[in-house]
Amino acid sequence: MRWLIFSALVALTTISVLNWRSQAQTQQKLEALAAALAERPAVAAEPPAAPVPVAPPAPEPIAVPRELAPIRQTPYVIEAPDVLLIEAVKKCAEPNSFIRLPEQPISGQFTVRADGTVGLGLWGQVAVSGLTLEQASAAIRNRVAKVRPTELTAENLVVWVEVLASNSKKYYIIADGVDGVGEAVYPFPCTGSETVLDALANVNGLCDMAQCKISVARRTSNGQSWQVLPVDWTAITQNGVVHTNYQLFPGDRLYVTRKAQ
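Letter by letter, the sequence shown follows residues 1 to 261 in UniProt numbering.
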């Protein structure tokens, strides 16, 4: 019995010694690791990466007005040397009844002079350059009423103003090397409703368009450069594809050049 008790005490003592040694070894490892970390130089924290700037989305290209997608023009602005058709009448007491002006009627064609006015005979001259047709009509009514204030008022006058010839706004067809001729320039009045096909129909005697290179040159909105729009003549005239049958604007240049053989 004493031998068993002695053996148990020896075993417990052995286990206690082993646990103490294991704890001591673990403590030594932790102390060594802490010392090693203390000796290493401090590493500065890296600043967060700057966000990559996101490029703004590219603006969508401005649609070029063409036959099937024209844009509506702004009200016409009169300039010299436009030719206007002007008609002025006086209202009568009866509904929808009018009479011509006394002494000298205002009716017919009137050219806008270099100083921006139209001459109306005994009614004087009226500045119309820079005005829309509606504004010019009002200016003429006021002028006529001022000459005969006892007989006429702006309220009992009716004035119609239309553009007979848009001489101040033109597009140009420039033919180069066509039919053996050098460069030729053809100016045409521009109302804003013409297309490439309409424009080229105005010029007789040009070569076969299928043998020519055709393009439209147009100033950009800032006026500093030109936009060049190629025209596919064969697609327009033979295939009914009118994507390049562009709407023309004042100042446009329509170039027709014979293709190199």
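Quick caveat, the hints were computed from the structure, so don't treat them as lab data.
Because the structure is a prediction, the values reported are computed rather than measured.
Misleading hints may appear alongside valid ones.
Claimed, not checked - Pairwise CB distance ranges (calculated):
1. Gly182 with Glu79: 18 to 24 Å
2. Asn142 with Asp208: 28 to 34 Å
3. Val185 with Pro105: 38 to 44 Å
4. Glu155 with Val64: 16 to 22 Å
5. Ser107 with Gln238: 29 to 35 Å
6. Thr117 with Val158: 54 to 60 Å
7. Ser107 with Glu79: 21 to 27 Å
8. Pro102 with Pro70: 17 to 23 Å
9. Ser225 with Val203: 35 to 41 Å
10. Asn222 with Thr257: 25 to 31 Å
11. Thr220 with Lys91: 20 to 26 Å
12. Pro70 with Gly124: 24 to 30 Å
13. Ala260 with Leu229: 55 to 61 Å
14. Ser107 with Thr237: 39 to 45 Å
Unchecked claim - Derived BS3-like pairs (lysine-lysine); straight-line CA-CA distance at most 30 Å:
15. Lys213 with Lys259
16. Lys213 with Lys146
17. Lys213 with Lys169
18. Lys91 with Lys169
19. Lys90 with Lys170
20. Lys170 with Lys259
From the three backbone atoms N, C-alpha and C, an ideal C-beta is built for every residue, glycine too.
Do the hints match the structure? See the list:
1. Gly182 with Glu79: 18 to 24 Å: The hinted range 18 to 24 Å is violated for Gly182 and Glu79, with Cβ atoms some 31 Å apart.
2. Asn142 with Asp208: 28 to 34 Å: 55 Å, violated
3. Val185 with Pro105: 38 to 44 Å: 40 Å, holds
4. Glu155 with Val64: 16 to 22 Å: For Val64 against Glu155, whose Cβ atoms are near 45 Å apart, the range 16 to 22 Å is violated.
5. Ser107 with Gln238: 29 to 35 Å: Violated, at about 48 Å.
6. Thr117 with Val158: 54 to 60 Å: 21 Å, violated
7. Ser107 with Glu79: 21 to 27 Å: 23 Å, holds
8. Pro102 with Pro70: 17 to 23 Å: At roughly 44 Å between Cβ atoms, Pro70 and Pro102 fall outside 17 to 23 Å, so the hint is violated.
9. Ser225 with Val203: 35 to 41 Å: 27 Å Cβ-Cβ, so the 35 to 41 Å window is violated.
10. Asn222 with Thr257: 25 to 31 Å: With a Cβ separation near 27 Å, Asn222 and Thr257 satisfy 25 to 31 Å, so the hint holds.
11. Thr220 with Lys91: 20 to 26 Å: Distance hint for Thr220, Lys91 is violated at roughly 48 Å.
12. Pro70 with Gly124: 24 to 30 Å: 39 Å, violated
13. Ala260 with Leu229: 55 to 61 Å: 21 Å, violated
14. Ser107 with Thr237: 39 to 45 Å: 43 Å, holds
15. Lys213 with Lys259: The hint holds at about 6 Å.
16. Lys213 with Lys146: It is violated: about 57 Å lies between the C-alpha atoms, which goes past 30 Å.
17. Lys213 with Lys169: 25 Å, holds
18. Lys91 with Lys169: 34 Å, violated
19. Lys90 with Lys170: Between Lys90 and Lys170 the Cα gap is close to 35 Å, so the pair fails against 30 Å, i.e. violated.
20. Lys170 with Lys259: Given pair Lys170, Lys259 holds - Cα atoms ~26 Å apart, limit 30 Å.
Consistency note: the structure conflicts with the earlier hints numbered 1, 2, 4, 5, 6, 8, 9, 11, 12, 13, 16, 18, 19.
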